[in-house]
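**Q** Each chain, written out:
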Amino acid sequence: DVKVTQSSRYLVKRTGEKVFLECVQDMDHENMFWYRQDPGLGLRLIYFSYDVKMKEKGDIPEGYSVSREKKERFSLILESASTNQTSMYLCASASGQPTGETQYFGPGTRLLVL
Amino acid sequence: AQKVTQAQTEISVVEKEDVTLDCVYETRDTTYYLFWYKQPPSGELVFLIRRNSFDEQNEISGRYSWNFQKSTSSFNFTITASQVVDSAVYFCALSVPAGGSQGNLIFGKGTKLSVKP
Chain Z
1 DVKVTQSSRY LVKRTGEKVF LECVQDMDHE NMFWYRQDPG LGLRLIYFSY DVKMKEKGDI
61 PEGYSVSREK KERFSLILES ASTNQTSMYL CASASGQPTG ETQYFGPGTR LLVL
Chain X
1001 AQKVTQAQTE ISVVEKEDVT LDCVYETRDT TYYLFWYKQP PSGELVFLIR RNSFDEQNEI
1061 SGRYSWNFQK STSSFNFTIT ASQVVDSAVY FCALSVPAGG SQGNLIFGKG TKLSVKP
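Line by line, the protein sequences give chains Z and X. So the first sequence is residues 1 to 114, counted in the working numbering. So the second sequence is residues 1001 to 1117, counted in the working numbering.
Chain Z with its partners taken away, still in its complex shape (with noise of 0.2 Å):
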């Protein structure tokens, strides 16, 4: 089976710190993916990776950053953590192609930004 790990289920921070959210994949997948769900909006994408040291910009990405220094591994940053950065974060993975192949998640971090 798949296995997608976060590093926390659930985050408080404060506004102006910077936060880590790290995800982990034992599967040896390619791909990996940050979204945030927010009640209304839906999930929406943050940034992928498709290769270690690779990122690229999906449809949210201001406020944030990423690092991809090994292939399982795919950590969040939040350079200085904002009210309107409290979310959900999923983070998901897949194989291959990075298009049309399916995504497996983790568990989600539920972030709250004081």
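Be a bit skeptical, because a hint or two may be false.
Unchecked claim - Derived Cβ-Cβ restraints for the label pairs, each shown as a range:
1) Lys1003(X) x Glu62(Z): 19 to 25 Å
2) Glu1015(X) x Thr5(Z): 31 to 37 Å
3) Asp28(Z) x Lys1003(X): 20 to 26 Å
4) Pro39(Z) x Val1013(X): 19 to 25 Å
5) Val52(Z) x Ser1012(X): 43 to 49 Å
6) Lys1003(X) x Asp38(Z): 17 to 23 Å
As the list claims (entries may be wrong) - No farther apart than 30 Å at their CA atoms in a straight line, the calculated lysine-lysine pairs in the DSSO-like style are these:
7) Lys1116(X) x Lys1070(X)
8) Lys1038(X) x Lys3(Z)
9) Lys1003(X) x Lys13(Z)
10) Lys1038(X) x Lys55(Z)
11) Lys70(Z) x Lys13(Z)
12) Lys1038(X) x Lys1003(X)
13) Lys1038(X) x Lys71(Z)
14) Lys1109(X) x Lys1003(X)
15) Lys1109(X) x Lys57(Z)
16) Lys55(Z) x Lys1109(X)
17) Lys1109(X) x Lys3(Z)
18) Lys1016(X) x Lys57(Z)
19) Lys3(Z) x Lys70(Z)
20) Lys3(Z) x Lys1003(X)
21) Lys3(Z) x Lys18(Z)
22) Lys3(Z) x Lys1112(X)
23) Lys13(Z) x Lys1109(X)
24) Lys55(Z) x Lys1070(X)
25) Lys1116(X) x Lys57(Z)
26) Lys1038(X) x Lys1070(X)
Simulated from the structure, these hints should not be mistaken for lab results. Here a beta-carbon is modelled for each residue, glycine too, at the ideal position from N, C-alpha and C.
Given the structure of chain Z, go ahead and fit chain X onto it with the hints provided.
**A** Quick look at chain X alone, frame taken from chain Z:
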């Protein structure tokens, strides 16, 4: 442009009822993929099914079935004899390899299903 519409925001049924969740998609491409995911209260999105645009066969998996109709651009999901454990938010998603979305998943807004005992 690609788009996925799940017109039903919330559905409530009583256990053992059948329920159909609607999904309508938009794309001009001939090659695309459709997905359904389930998100229980715990938050994790669970993959249910993937369909490519050239395979219009309906699929049945236990109490779950999917009806793919290209003529109406729909990919509906039916749960037969619903159970309380089916309570979740269900998402339909589209991936178009050649599309402007870079082939990534385009999600509908989701349908929240509540199954009452």
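**Q** Against this structure, judge whether each hint is valid.
**A** Hints and how they fare:
The beta-carbon spacing between lysine 1003(X) and glutamate 62(Z), approximately 23 Å, falls within the hinted interval of 19 to 25 Å. For glutamate 1015(X) and threonine 5(Z), the Cβ-Cβ distance of about 33 Å falls inside the hinted range of 31 to 37 Å, so the restraint holds. As the Cβ distance of aspartate 28(Z) to lysine 1003(X) is approximately 33 Å, the hint placing it in 20 to 26 Å is violated. In this structure the supplied range 19 to 25 Å holds for proline 39(Z) paired with valine 1013(X), their Cβ-Cβ distance being about 22 Å.
The supplied range of 43 to 49 Å is met by valine 52(Z) and serine 1012(X), whose beta-carbon atoms lie about 46 Å from each other. Take lysine 1003(X) and aspartate 38(Z): their Cβ atoms lie about 18 Å apart, and the range 17 to 23 Å holds. Under the criterion of a C-alpha separation no larger than 30 Å, the hint pairing lysine 1116(X) with lysine 1070(X) is inconsistent with the structure, at around 33 Å. In summary, the hint linking lysine 1038(X) to lysine 3(Z) is supported, as the alpha carbons are separated by about 16 Å, within the 30 Å threshold.
Of the supplied pair hints, the one linking lysine 1003(X) and lysine 13(Z) is violated, its CA atoms being roughly 34 Å apart against a limit of 30 Å. For the hint linking lysine 1038(X) to lysine 55(Z), the alpha-carbon distance of about 27 Å falls within 30 Å, and the restraint holds. Restraint check for lysine 70(Z) and lysine 13(Z): satisfied, since their Cα atoms lie roughly 26 Å apart, inside the 30 Å limit. The suggested pairing of lysine 1038(X) with lysine 1003(X) holds, with an alpha-carbon distance near 19 Å, which does not exceed 30 Å.
For a cut-off of 30 Å, the pair hint linking lysine 1038(X) to lysine 71(Z) stands: about 27 Å separates their Cα positions. At most 30 Å may separate the alpha-carbon atoms for a hinted pair to count; lysine 1109(X) and lysine 1003(X) meet this at roughly 11 Å. Under the criterion of a C-alpha separation no larger than 30 Å, the hint pairing lysine 1109(X) with lysine 57(Z) is consistent with the structure, at around 21 Å. Under the criterion of a C-alpha separation no larger than 30 Å, the hint pairing lysine 55(Z) with lysine 1109(X) is consistent with the structure, at around 26 Å.
Between lysine 1109(X) and lysine 3(Z), the direct Cα distance comes to roughly 25 Å. Compliance with the 30 Å bound is thereby established for this hinted pair. Straight-line distance between C-alpha atoms of lysine 1016(X) and lysine 57(Z) comes to about 44 Å, which puts the hinted pair past the 30 Å bound. Annotation: proposed proximity of lysine 3(Z) to lysine 70(Z) holds, straight-line Cα distance about 16 Å (limit 30 Å). For the given pair, lysine 3(Z) sits about 29 Å from lysine 1003(X) by alpha-carbon distance, which is consistent with the 30 Å threshold.
At most 30 Å may separate the alpha-carbon atoms for a hinted pair to count; lysine 3(Z) and lysine 18(Z) meet this at roughly 27 Å. A hinted pair counts as satisfied when its Cα atoms are at most 30 Å apart, and lysine 3(Z) with lysine 1112(X) qualifies at roughly 25 Å. The suggested pairing of lysine 13(Z) with lysine 1109(X) holds, with an alpha-carbon distance near 28 Å, which does not exceed 30 Å. This hinted pair does not check out: lysine 55(Z) and lysine 1070(X) have alpha carbons roughly 34 Å apart, beyond 30 Å.
As the CA atoms of lysine 1116(X) and lysine 57(Z) are separated by approximately 41 Å, the hinted pair breaks the 30 Å bound. Only pairs whose Cα atoms come within 30 Å are accepted, and lysine 1038(X) paired with lysine 1070(X) is accepted, the gap being roughly 23 Å.
When the structure is compared with the earlier hints, violations turn up for hints 3, 7, 9, 18, 24, 25 and for no others.
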